[in-house]
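Enquirer: All chains should be modelled from the sequences, with the hints used to inform the complete structure.
Protein chains: 2
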Amino acid sequence: MSRISRREFVKSTSTVAVGAAILPVGLLRGSLKSERVRIGVIGTGLRGQWHIQLALRRRDVEISAICDIDEGMIGMALKVYQEAGRKKPAIYRKGPEDYLNMVEREDLDGIIIATPWEWHAPMALAAMEAGMHVGVEVPAALTVEDCWNLVDTSERTGKFCMILENVCYRRDVMAVLNMVRKRLFGELLHCQCGYQHDLRHVKFNDGKQPYGGGVEFGEKGFSEARWRTNHSVNRNGDLYPTHGAGPVSTMLDINRGNRFVHLTSTATQTRGLHKYIVDQAGEDHPNAGIKFKLGDVVTTVIKCAGGQTVVVSHDTNSPRPYSLNFRVQGT
Amino acid sequence: MSRISRREFVKSTSTVAVGAAILPVGLLRGSLKSERVRIGVIGTGLRGQWHIQLALRRRDVEISAICDIDEGMIGMALKVYQEAGRKKPAIYRKGPEDYLNMVEREDLDGIIIATPWEWHAPMALAAMEAGMHVGVEVPAALTVEDCWNLVDTSERTGKFCMILENVCYRRDVMAVLNMVRKRLFGELLHCQCGYQHDLRHVKFNDGKQPYGGGVEFGEKGFSEARWRTNHSVNRNGDLYPTHGAGPVSTMLDINRGNRFVHLTSTATQTRGLHKYIVDQAGEDHPNAGIKFKLGDVVTTVIKCAGGQTVVVSHDTNSPRPYSLNFRVQGT
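Quick note, the sequences are listed as chains A and B, same order. Just so you know, we're using the working numbering here: the first sequence kicks off at 477 and counts up by one. Just so you know, we're using the working numbering here: the second sequence kicks off at 477 and counts up by one.
A few of these clues could be false.
When chains are identical, the list treats them as one kind, so a pair holds in a single copy or across two.
Said to hold, decoys possible - Derived DSS-like pairs (lysine-lysine); straight-line CA-CA distance at most 27 Å:
id	residue 1	residue 2
1	Lys-751	Lys-779
2	Lys-779	Lys-767
3	Lys-779	Lys-635
4	Lys-684	Lys-767
5	Lys-696	Lys-751
6	Lys-751	Lys-570
7	Lys-751	Lys-658
8	Lys-555	Lys-684
9	Lys-696	Lys-555
10	Lys-658	Lys-563
11	Lys-751	Lys-555
12	Lys-564	Lys-779
13	Lys-684	Lys-751
Keep in mind that the hints were calculated from the coordinates and are not lab data.
Expert: In structure tokens form, the structure reads like this:
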């Protein structure tokens, strides 16, 4: 910090912050269909409601259409409108394909997608094809093929596809990004990051409240436990890399002159979720017989074209304090 | 710590400590040739002198022979004897093969090896073949083949080959080992460890003092710079894994029911050593033209038969605080 005054540092940090604001209305100005940015939200679960709540705080944004298949969640979302004193949106609720009708609305500028993971890519693709800009929750895609589909479709249609990785905009992360750009670390060599978050009470609940109180999931679960936990049953790997890799990618200029070249990923045995079920509900609970594929700790090492390495950690089954495990190291 | 009293904890920690003492005289008792353990030291550099100094504090240990090719280092070692008020040892100084004569001495129980890395395996093998127990500095071998040679020779001759990894005996590390054995972490899932040590002033000096003051190494360097730095010129990878992997191996019961199954190792670009030379001595210094192979940060991920993963970090070229980067994580 010796070569840069605090005032100068804070000033340029704010500039970064403004440049990276979540809803870059300025960027859209030329193509706006009204004075307000009009956005549709697909997925009105707890995450979607939060998006709506934040957006409705801005007078220049209107969430004029919402879409979900869950009447309970739609009801909660409408309460958000009521509390914000804003006009009710159009509602698309006729089954899992009704979002296709919503994205055809002429009066929308963009779509926010906050649905279960497997829907992100198909919805983002459909929205861009229909001429909408897209903000999509993470992970934006579940396969490499779908990642490329998103890139290709965005380039072909000229529509933005923004991955809504909120960690990139944490104040501490943006401060470090600014330090990296001021070259306070010299040339970057190595970054460490990840998602170390005890999600056991998110993956399991009693089917009524979103966090804990039971060991149910899937059909019998509520909110994220309804769909997210199945990924731990059926898949092994880093299921949620962007909290870590997002910020680090900006710092390492990924896809802005640098790129990820190869990676290795190594998972531990899986113990945490089974143990949680047994500890909470005993060995005789039907869910105690389920075999989870997701290893408790997954470590991924990425090599960049510039030579830098990144260690990404994924750890959502263990009792441990929350940590993004950040480290930035340079010459 | 709730299920175990502090008194009980401290008591059992000390038991571990005694059981793991550096010179396990008790183990040798049956095969001793005199009342004192008689040891020869090959390599009387700064490390060897430290071994001698520590051992001479014990009345039940005698370092009755030393071996080196560097007259200056032999002189410094003899001063250690003088200061300890102990009898001068026999000295083997007739060239790089004279250690073969020392290990043939009938009156020695064991050999400590503290020479440049590439000599560790051949010297340990020769000593065991001659009927000596061996304590060898790390890394004990530079190739997988030599690792197996050490194992096979130890088993065939019935001689111990102890790797002198001092970090295993740090008080904090032994406390954690005891916590692991008390199952305070449950079943282990993941360990993190390594060697993050700014060795730039060890790898380079002025040829007179061991640490810093210049950018010379090899023929023109002194002490470790004389030979260690060449490994950074010629090799890429984790050149010094045992500070981290040693303690973690005991915690994970490696070769006591568990074992390492596979690993990946990924290195960053190499910048630190070149930059150090340029910063200290300018771009025109002859050493500024040297290409170093060793990446600045090397990350190795190991998978164990029991499913656990270990991340080992090697980082000796960068300006950074010392850290062994330890983490132990369980269910």
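Enquirer: All hints, please: hold or fail.
Expert: Hint check results:
1. Lys-751 x Lys-779: between (35 Å within a copy, 22 Å between copies)
2. Lys-779 x Lys-767: between (32 Å within a copy, 21 Å between copies)
3. Lys-779 x Lys-635: This pair counts as neither: shortest intra-copy Cα distance 30 Å, inter-copy 43 Å.
4. Lys-684 x Lys-767: within (24 Å within a copy, 63 Å between copies)
5. Lys-696 x Lys-751: The answer is within: 19 Å in one copy meets 27 Å, while 60 Å across copies does not.
6. Lys-751 x Lys-570: Neither: 39 Å inside a chain and 64 Å across chains, both beyond 27 Å.
7. Lys-751 x Lys-658: between (47 Å within a copy, 19 Å between copies)
8. Lys-555 x Lys-684: within (18 Å within a copy, 77 Å between copies)
9. Lys-696 x Lys-555: Within one copy, since 25 Å is at most 27 Å while 77 Å is not.
10. Lys-658 x Lys-563: neither (45 Å within a copy, 61 Å between copies)
11. Lys-751 x Lys-555: neither (38 Å within a copy, 60 Å between copies)
12. Lys-564 x Lys-779: neither (48 Å within a copy, 54 Å between copies)
13. Lys-684 x Lys-751: within (22 Å within a copy, 60 Å between copies)
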